[in-house]
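K.L.:
Sequence:
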Amino acid sequence: MTDQWRGPVLVTGTDTEVGKTVVTAAITAAAQAAGLRVAVVKPGQTGTATGDPGDVEVVTRLAAPMTGRTLASFPDPLAPLAAARVAELPPLELYNAVDAVREEADKHDLVLVEGAGGLLVPMGLRPSGEPWTVADLAVSLGAPAVVVARAGLGTLNHTALTLEALDRRAVPAGVVIGAWPAEPELVHWANVSDLLPDLLGALPAGAGTMDPGVFRRSAPGWLTPALYGVLDDWRAWADEIN
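Heads up: the sequence shown begins at 0 in numbering that gives the first Met the number 0, then just goes up one per residue.
Mixed in with the good hints there might be a few duds.
With a cut-off of at most 20 angstroms between alpha-carbon atoms, the simulated SDA-like pairs for lysine to any residue come out as follows [claimed, not checked]:
#	residue 1	residue 2
1	106	65
2	106	33
3	106	31
4	106	32
5	106	166
6	106	36
7	106	3
8	106	140
9	106	95
10	106	198
11	106	180
12	106	59
13	106	143
14	106	70
15	106	141
Source of the hints: derived by calculation from the structure; they are not laboratory data. Values in this document were obtained by computation on a predicted structure and should not be read as measured data.
Using the sequences provided together with the hints, build the complete structure.
P.N.:
Right under this line is the structure:
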């Protein structure tokens with residue numbers, strides 16, 4: 000199954016602020032520990048006017064990928080296409096993004112492409128002038144998708160909708176929980192049981208605040224072998240969490 004997760008791989012989410020960037024960093028760290036050459040590409044970074052580090056900067060601090068690249072940046076914290084319009088900047092063109100990812104795939108074993116918000120957020124424009132989404136990028140690249148999901152209430156519906164949208168586009172997908180709470184409740188355990196058939200990993204809450212060295216050593220333990228980790232027994236994982 001690991002061979003499926005080489006070349007371009009999309010990292011998307013059920014919503015914004017679900018932990019896509021930290022999951023991207025964890026996959027980067029685990030893959031590099033396994034000897035792969037990893038690039039991280041962010042097609043559209045928004046909210047740069049806040050002065051906060053961009054997503055590629057966060058991944059670089061935590062996991063130090065071989066290459067980190069942002070294709071387009073916009074000041075306002077909006078969906079990339081809306082942010083381009085508000086700032087009166089050229090929107091990102093789909094096939095420019097495709098070409099950039101393929102360029103990195105020629106030089107790396109794994110290219111993690113981190114989306115913005117959820118799967119169907121408008122990212123930019125096609126040559127025809129029609130909007131395109133992260134789902135369209137996955138289809139154009141022939142890439143599988145890692146769906147980052149919340150642990151708590153509401154995640155089953157959001158995750159199922161995202162997986163269904165990917166399945167309708169023939170995009171293979173798996174799920175990683177972006178932030179597993181330190182003190183899980185019944186709803187969290189119930190959710191993980193329902194997500195288990197598609198689950199490829201679970202990161203502890205606060206993983207992004209770890210010391211980078213600790214983060215890199217710990218990351219393989221949060222991910223299954225499909226994503227270059229060592230988590231192969233969910234029952235043992237649950238026992239350890241308990």
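K.L.:
Against each hint, give a clear statement of whether it holds in the structure.
P.N.:
So, going through the hints one by one against the coordinates:
1. 106 x 65: Measuring from Cα to Cα gives roughly 10 angstroms; hence the hint holds.
2. 106 x 33: Within the cut-off at roughly 17 angstroms; holds.
3. 106 x 31: Measuring from Cα to Cα gives roughly 14 angstroms; hence the hint holds.
4. 106 x 32: Holds, at roughly 18 angstroms.
5. 106 x 166: Between residue 106 and residue 166 the Cα gap is close to 29 angstroms, so the pair fails against 20 angstroms, i.e. violated.
6. 106 x 36: holds (8 angstroms)
7. 106 x 3: This hinted pair holds, its Cα atoms lying about 18 angstroms apart.
8. 106 x 140: holds (16 angstroms)
9. 106 x 95: holds (17 angstroms)
10. 106 x 198: Since the Cα atoms of residue 106 and residue 198 sit roughly 29 angstroms apart, the hinted pair is violated (cutoff 20 angstroms).
11. 106 x 180: Violated, at about 37 angstroms.
12. 106 x 59: Holds, at roughly 18 angstroms.
13. 106 x 143: With a Cα-Cα distance of about 19 angstroms, the restraint between residue 106 and residue 143 holds, given a limit of 20 angstroms.
14. 106 x 70: holds (17 angstroms)
15. 106 x 141: holds (18 angstroms)
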